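Colleague: Chain by chain, the residues run as shown.
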Amino acid sequence: MNPSITTTTASIAPSQARSLSPSFIGLVRAELYKMWAQWTTRILLGLVFAATFLPYLLLLARSQTKTDFTAQPLYWTYNVAEISLTILRVLGGFALLVIAARAVGLEYQQGTIRVLLSRGVGRVQLLTAKLTSVTLLAIAMVIGSLILNSLLFLLQFGLIYGAGDQFSSAFTSGFWASVWAYFLTVLVSMAASILLAICVAVVGRSLSFGVSAALSWFAADNFAVLVLFFVYRLTQNDFWIKLPAYFLGPILNQLPSAYVPALLVQHTTEFGTTVTAPLGANTVGLTPFVTYDATHAFVVTLIYCVVFAVTAYILTWRRDVLE
Amino acid sequence: MADATMTRPSPQASARREAGAVVLRTHDLTKRYGERLAVNNLNLEVYRGDIFGFLGPNGAGKTTTIRMILGLITPTSGSVEVLGQDVATHRAEVLPRVGALVETPALYLYLSGRDNLRVVGDALGGVSDERIQAVLQMVGLAARQKDRVKTYSLGMKQRLGVAIALLNDPDLLVLDEPANGLDPAGIVEMRDLMRRLSAEGKTIFISSHVLGEVRQICTRVAILNLGKLVTESTVEDLTRGQGEFAVQVERPREALALMQAQPWGKSARIDEANGTLITQAPNGSGRDLNLFLVNLGFAPASLIPQTQDLESIFLTLTNNTAGEVR
Ligand SMILES: Nc1ncnc2c1ncn2[C@@H]1O[C@H](COP(=O)(O)OP(=O)(O)O)[C@@H](O)[C@H]1O
Ligand SMILES: [Mg+2]
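Protein chains in written order, with my numbering: chain A, 1 to 323; chain B, 1001 to 1326.
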């Protein structure tokens, strides 16, 4: 049955005009296109932008906002900035978590990963392209949110209230330092969300697992803080209450209050007394009951990010694609 | 570089065979899943211009083999060479020249047919709109290109899968059960498309568990069962049979006894249905068999070389285990 003719081997002959080879830029473009074509992406981004209007609408509905702002521009401006950044951190983080988990999960779920890989697209190349495109989307979302916030702020306080004169006392260097620090914590928490989502979607190789595991991660470790607190109360063992200092969710929740320098502002209370008090950063969600400094929070977050990234890359690189 | 492989394949299959270029080759290819050998020491050679039928019942290991060819899964041992390069080490150079459709077509259901081609094209480094339109025409999906794939029938999805495989004008097409989900008319269309592509000089590697789907178009076939290669040959060689002859003689039982005493006649038997003798021939030659019989006074009324039809070969080669639960 064996052909007894000597066979030569076809070499890669440059036939016709198709010197195609997988291109990273092309991959990123395709990824962005795919993300944008999904309604989920548009709805989530729409949600983030819709929520951006919320604090301004509430302030607009409040009759004494103009008087308050004129009296204490720094206090009010800082609060607006902080609430806006908190919205971006929580909702934007949520949106990115879902979008990133979908970007990886859908590819496995619909089996399209084999279409790309069987054409010579590298596994590591594909994952990097996905990571890059989600990051680009995150950057676009953050920039969009900052622009929208600035416009809304200027519109409401500058145009509607005509409070332009107070801006100089609102935008102090202390204000910028605190806002910048808060902004950094937003970026860190977004990066952690993206890597977490990509990692669990790669591990689960499915859309539903990726999205639900990514979402329940933060629910679970926030809840664990409470559980461990009760365990601590029962056992009186310090270990249990210290443990949440190594949980990603609580650490990220705590990051703003640990890292953002408190802004000293003069504030007139409801009772008419003027106090100078440090304005700390908002926290949303549970934080470890034991406080740690910002360095601890950053290091723990960094370790999580590295573990997520390494796990995602090694599994993508090594595993058989059975989809 | 100045060897025969650089010449464009000629339209005649025989000329292509002479050129002898191996487009796809597996060396002792093996994949083990735990205790089970899904693919067992497989050695295949596919020549340029072949339409190579890779046949075997469900679970034979066809898809597993194809996934290893495409670098989707790592062989437990052995290797795959495509266009002269090892796929494990040269996937980025070699795989862009292969178009593949593995199992059910994998598609972006939320995109239109055209956008599916566009995103894959982008990933491959850019494919022109004209090319996208051309492949849509080729598979007969041009009219539905703007509809979301979610709304396509299975047959349409299968054709879009083929369109994706053809997108970058590959030298080698690897199609895993491309006829799955197609209606009879669709299967005929698919065969016509394969013939046209083959005429353009493409090498086609096509797997199927239904022989009838592919037998008319294949130049060579390999039959796989339980992960092992059962046979590999041209369709003509395979159907030529085992060199047996059907002989009609008077007193067949006496003739049978004499034949069975010969070294070449061990497998001689009588077909009870019509009383003909089925036997091998001395030196495989019908003439010698005739002489043997005549010398002993059994002048045959007829002596017909047995050709086997491919279906029955396929069944005999595979059915002893096909129904087994694995
Ligand atoms: N991921 C896997 N894990 C375990 N066994 C598998 C896996 N994939 C395939 N197999 C087994 O390998 C054998 C060959 O499967 P496959 O290549 O899909 O056959 P075919 O495509 O010829 O129908 C089957 O017995 C199947 O059950
Ligand atoms: Mg199969």
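A few of these clues could be false.
[To be verified] Partial selection, computed: residues in chain B whose CB lies under 10 Å from chain A: (1) E1093; (2) R1114; (3) N1116; (4) A1123; (5) G1125; (6) N1295; (7) A1299.
The hints are simulated quantities; they were obtained by calculation from the structure and are not laboratory data.
It should be emphasised that the depicted structure is a prediction, and the values quoted were computed from it without experimental measurement.
Backbone N, C-alpha and C define an ideal beta-carbon position, used for all residues, glycine too.
Colleague: Each of the hints needs a verdict: does it hold here or not?
Modeller: Hint check results:
1. E1093: This interface hint holds because 6 Å falls under the 10 Å limit.
2. R1114: Violated - the Cβ of B:R1114 stays beyond 10 Å from chain A, reaching only about 12 Å at its closest.
3. N1116: Hint holds; B:N1116 Cβ to chain A Cβ min 9 Å, cut 10 Å.
4. A1123: Given a least distance of 5 Å, the restraint on B:A1123 holds.
5. G1125: The hint holds - B:G1125 has a Cβ within 10 Å of chain A, the shortest such distance being about 4 Å.
6. N1295: violated, 33 Å
7. A1299: Cβ of B:A1299 sits 35 Å from chain A, so the hint is violated.
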